[in-house]
Amino acid sequence: MVNCFGGRFVVTLLSVNVNKVAVLRNSRGAEEPRPLTAAACALAAGCHGITVHPRPDQRHIRATDVLQIAGIVGQAELNIEGNPFAAARDEYPGLLQLVRQSRAAQVTLVPDADAQITSDHGFDRDTDFPRLQAMIREYKACGARTSVFVDPGCTVIAELADCGVDRIEIYTGPFAQAHAGGAFERELEACVVTAQHARECGLGVNAGHDLSQANLATLLQAIPTLAEVSIGHALFAEALYAGLGVTVRNYLDIIRRCASAPGAGGARQSP
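In case it helps, this note's numbering puts the sequence shown at residues 46 to 316.
Keep in mind that the hints are not guaranteed to be accurate.
What the hints assert, rightly or not - Straight-line alpha carbon distances no greater than 20 angstroms define the calculated EDC-like cross-link-like pairs of lysine to aspartate or glutamate that follow:
1. K185 / D173
2. K185 / D207
3. K185 / E122
4. K185 / D211
5. K185 / E204
What the hints assert, rightly or not - Here are the simulated distance ranges between beta carbons:
6. A225 / L285: 34 to 42 angstroms
7. C246 / L297: 33 to 41 angstroms
8. E183 / A267: 19 to 27 angstroms
9. A306 / E283: 30 to 38 angstroms
10. E230 / E283: 32 to 40 angstroms
Since the hints were made in silico from the structure, they are not lab data.
Treat the numbers as computed from the prediction; the structure is a model and nothing was measured.
Glycine included, C-beta positions come from ideal geometry on N, C-alpha and C.
Using the sequences provided together with the hints, build the complete structure.
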């Protein structure tokens, strides 16, 4: 989306998170659907990047997926999300190693634990910030832009800037939930204030979590300087609905063609 702000145009980039495709694949224990194919489809449709969030337990996106997707992004950006404090485990080499191997354009640091269903909060100032600074230097040494996941209304943006981060990503879950209920002004204002504070500190601003076609325009109109939005769960849910009818009709067409083919014999339906 292109917004006019302060006399200049700001292009908000769309990064498609393909984690949900991996969740569906892993539930069957086979290879379909393939996150790589989903990423290729999203890129062909014109998105500006692909987001992946591998976890140590590899319950959805796996390390091998990350490297495969890195090989097809081309001029688009690969954004890897993850917990910088999580140790390497089994086939998970650790976030830093994945960033090195994939040459990701951006790494988004998120403090998610193994038991967490999804990311839902920012880092703790007292316990996490001292460790973050050294880690951010390592990620930047890999050539990756660094972004840190923050709560809406976060009041320690200046301290994150001092840690050397390039951007923040505002957690938009509370805004999205409130938007669905119809009264969202307070949650939206918290996002706006956080974005303004980040800009004043010289940081870029990303946003993500539960953004959808229903609420995205509201957020973009309120924060016209957003650099990037990362969207996955809602996007794939919407795609499922929008594309399901087409897919069902394709199957029916195959059945009709086979039934009318020479030699089909007008097979009778079983009683």
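To see whether the hints hold, each was checked on the structure:
no. : hint                            : result
1   : K185 / D173                     : holds (18 angstroms)
2   : K185 / D207                     : holds (14 angstroms)
3   : K185 / E122                     : holds (15 angstroms)
4   : K185 / D211                     : holds (9 angstroms)
5   : K185 / E204                     : holds (18 angstroms)
6   : A225 / L285: 34 to 42 angstroms : violated (18 angstroms)
7   : C246 / L297: 33 to 41 angstroms : violated (56 angstroms)
8   : E183 / A267: 19 to 27 angstroms : violated (34 angstroms)
9   : A306 / E283: 30 to 38 angstroms : holds (36 angstroms)
10  : E230 / E283: 32 to 40 angstroms : violated (25 angstroms)
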